[in-house]
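Going by my numbering, the first residue of the sequence shown is number 8, and it counts up by one from there.
Note that these hints are calculated values from the structure, not bench results. Please note that a few of the clues may not be correct.
[To be verified] Derived DEER-like restraints, expressed as beta-carbon distance ranges: (1) D47 x I76: 39 to 47 Å; (2) P59 x F23: 19 to 27 Å; (3) A77 x M48: 39 to 47 Å; (4) R20 x L53: 19 to 27 Å; (5) G21 x A78: 40 to 48 Å.
Small disclaimer: the values here were computed from a predicted structure and weren't measured. C-beta: ideal position from N, C-alpha, C; glycine also.
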Amino acid sequence: LLAIAYLIPVVARGFFLPLADQEDRPQAPGHEISTIRWSDMREAPLWCVVPPCLTGILSVLVYFAAPTIAAFISPILGQ
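I would like the entire structure built from these sequences, with the hints used as guidance.
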């Protein structure tokens, strides 16, 4: 549920921001034009990009190393 609450603003901005040609049209109350300036958007910092990439790489490595990991912990589990 927390992930959904975290991602809802991203989806809302993507689907409900006004188009560029609608900026000069009058808006209904509660539907004012957003103050986001797309020219101010920058690339994500390296510390925001590295953790998901590292997680993906480690996930693939764990997938291929699963038999080795299972053999390593099987004595602990008593199998």
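Which earlier hints can't be squared with this structure?
Going through the list in order, the structure violates no hint and respects every one.
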